[in-house]
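Line by line, the protein sequences are chains B and S.
Residue numbers are given in this note's numbering: position 313 of the first sequence equals residue 313, and the series is strictly consecutive.
Residue numbers are given in this note's numbering: position 144 of the second sequence equals residue 1144, and the series is strictly consecutive.
To be clear, the hints were calculated from the coordinates, so they are not data collected in a lab.
Just to be clear, a hint being listed does not mean it is correct.
To be verified - Have a look at the derived ranges for each label pair, beta carbon to beta carbon:
no., chain 1, residue 1, chain 2, residue 2, range
1, S, VAL1300, B, GLY38, 42 to 52 Å
2, S, TRP1303, B, ALA314, 31 to 41 Å
3, B, LEU219, S, TRP1303, 49 to 59 Å
4, S, LEU1117, B, ARG72, 23 to 33 Å
5, B, GLY70, S, ASN1255, 37 to 47 Å
6, B, GLY70, S, ARG1125, 15 to 25 Å
7, B, PRO36, S, GLY1173, 55 to 65 Å
8, S, ASN1211, B, ARG217, 50 to 60 Å
9, B, GLU261, S, ALA1203, 47 to 57 Å
10, S, GLY1034, B, LEU96, 45 to 55 Å
11, S, ARG1121, B, ARG217, 36 to 46 Å
12, B, HIS126, S, ARG1125, 28 to 38 Å
13, B, ALA314, S, VAL1300, 26 to 36 Å
The model shown is predicted, which means the values in this text are computed figures rather than measured ones.
The beta carbon of each residue, even a glycine, is placed where N, CA and C say it ideally should be.
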Amino acid sequence: MPGRHGAPMADRRVLMLTGVLFAAALLFLTWHLREPMGFILSLRAGKLAALVLVGAATGAATVLFQTIVGNRLLTPGIVGFDALFIFLQTMLVLVLGGVGFTQLHPNLTFLGETALMTGAALLLFHVLLRRGAEDIARMVLTGIVLGLLLRGLSDFAQRLLDPSEFSILQFVTFASFNSVETANLGVAGGLIALAMLGALRLAPSLDVAALGRPVARGLGLGYDRVVMQALALVAILVSAATALVGPMTFLGLIAASLAREVVPESRHALLLPAAAVIGAITLVAGQFLFERLLGQQGALGVVVEFLGGLLFLALVFGRRRL
Amino acid sequence: MKRWVAWALLLGGLSAVSLCVGATSIFTGQLDAGWLLAISRFPRTAAALLTGVGLALAGVVVQQSVQNRMVEPSLIGTPEAAMLGLLAITLLAPGAAIVTKMSVAAVAALLGMALFLLIARAIPRHDPMLLPIIGLIYGGILFSSAIWIAWTTDLMQYLGTWRLGEFSGVMQGRYEMLWIVAIIAVLLYAIADRITLLGFGEAQARSLGLNYAQTRGLGLAAVAVITAVIVVTVGYLPFVGLLAPNIVSRWRGDNLRANLPVVAALGAASVLSADILGRVLRPPYEIPAGTIFAVFGACVFLWMLNARPARRAHG
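The shape of chain B in the complex, shown without the other chains (with noise of 0.2 Å):
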């Protein structure tokens, strides 16, 4: 087995990585502690769950979904992915009414929500996944298009809404760290942490799927089974991500370009929880500079954004193709 003398430096590398997230968020909940410190110490922690959960999740899909996809540079978010939920949110206040739509119990809603963004996922990306396989870049484009289409239709809907019920919607569609939604904390959390275990129970498969669907089949893997669980796995990381925060395209890029760095194997068992913590680690670490160190709150998602996309094409330029 390839990477026998490395796999506990790797190991060791996960739980140094481990660590760093664990100094981070202590940082990032003691900084300047002032009394009334209960009161600060519960609105920093909500935060802090927030980002990490954000972060780690992010990070875990997009792994999941190169490897489904066969191709490292690609993230649920850039074919479309967060577009799919704000639509699917848009549509649900424009149907239910503002009302109804409050009415409901947040949980409810957003349980509700993730249910039906895995089936619209798995319906609209397994048939573009599979007529993708052999033209990776119409793939990405027309999943880039399909997010503008969904935006549109988005915008489109929201036109069509009063102001009360549109500024329920705003928090979705604005990646924000601020105004986390922390009814949804627990939920999300919830979910988030089963979705995890899935991905880690799925990782031998996903080891073998990696190699791509013709050498997976001949090596008696259900291929077409484990790309449905992946993909139903990156439509609940996804949702609840977006949920918490609102979209983002490239955080997933960076944290999974890094971890591929740090553990230098091909291993999902390692990947995966490399890449998760270091999604955490960006975002807690970047909100805790944005925020305390440079005093300018609404930063942090648009900083990523950008360097993210600066990574993007640095990527591509240097493969010379996606």
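Once you've looked at the hints, dock chain S against the given chain B.
Just chain S, lined up with the frame of chain B:
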């Protein structure tokens, strides 16, 4: 010459509808019909037509310059570059005249395109779909820096109006800059043959006696000015520059001298239709033409991507 008549009838009919449709009826409303037409309806109709012409022509020039049918200014980050320029001038000289602002935006748009061409040169050409992907990411990077600047300086509202094309704010005295588009359209028609040659690629165009760099520079400068004017006055509409040239070239081939007027007319007709649709869908509220076009344009683009025969897409 029957085609000319058909187009003239179509555009005339749409304009007549556009003049008649609105929050107040011109036939039975309380306002004086002539005054209403002069102050609001006519400027609005003209603005939509001019915007459509400009966007469609800008699309043609960009497609010929990079030899790729899958792009248009908004798919290579040009409006975003113009917005960065506008933000800069708004911050540095808030009281600057509109002409100054527009000039700065045009220069910024030109710089943005130059940088994109540099990037485009570094990527392989074997796959025509790679270029719009790179362009969209490039535009995204420019836009996120624009968001960041606008966010820290409280200019987010401006950014919203520049990005979303709509005509409800168009009135006499607020749209006249758009006539620059008409002037540029005439200039582009004068060099239509040379723009056609651009599409052959540098080596072949040169061997046919074209001053390649000069022609491309001229064409892209025209695109920059068109983009800047439209972003400043009504806001950008996506996909017009992509669809109009593609539909026309599928139908009539690539002779630009004959096709440029058709492309322009199609762009004008589609933008005006989107604006009229936005007015009648939910009166008295209005849905921005940009929103309508985003939905419609994305659908057609999806169809173009997946239904076209597996023919090479550049040329």
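Now for the hints, and whether the structure bears them out:
no., hint, in the structure
1, S/VAL1300 - B/GLY38: 42 to 52 Å, "violated, 57 Å"
2, S/TRP1303 - B/ALA314: 31 to 41 Å, "holds, 33 Å"
3, B/LEU219 - S/TRP1303: 49 to 59 Å, "violated, 38 Å"
4, S/LEU1117 - B/ARG72: 23 to 33 Å, "holds, 27 Å"
5, B/GLY70 - S/ASN1255: 37 to 47 Å, "holds, 42 Å"
6, B/GLY70 - S/ARG1125: 15 to 25 Å, "holds, 23 Å"
7, B/PRO36 - S/GLY1173: 55 to 65 Å, "holds, 57 Å"
8, S/ASN1211 - B/ARG217: 50 to 60 Å, "holds, 57 Å"
9, B/GLU261 - S/ALA1203: 47 to 57 Å, "violated, 40 Å"
10, S/GLY1034 - B/LEU96: 45 to 55 Å, "holds, 47 Å"
11, S/ARG1121 - B/ARG217: 36 to 46 Å, "holds, 41 Å"
12, B/HIS126 - S/ARG1125: 28 to 38 Å, "holds, 31 Å"
13, B/ALA314 - S/VAL1300: 26 to 36 Å, "holds, 32 Å"
When each numbered hint is compared with the structure, violations occur for hints 1, 3 and 9.
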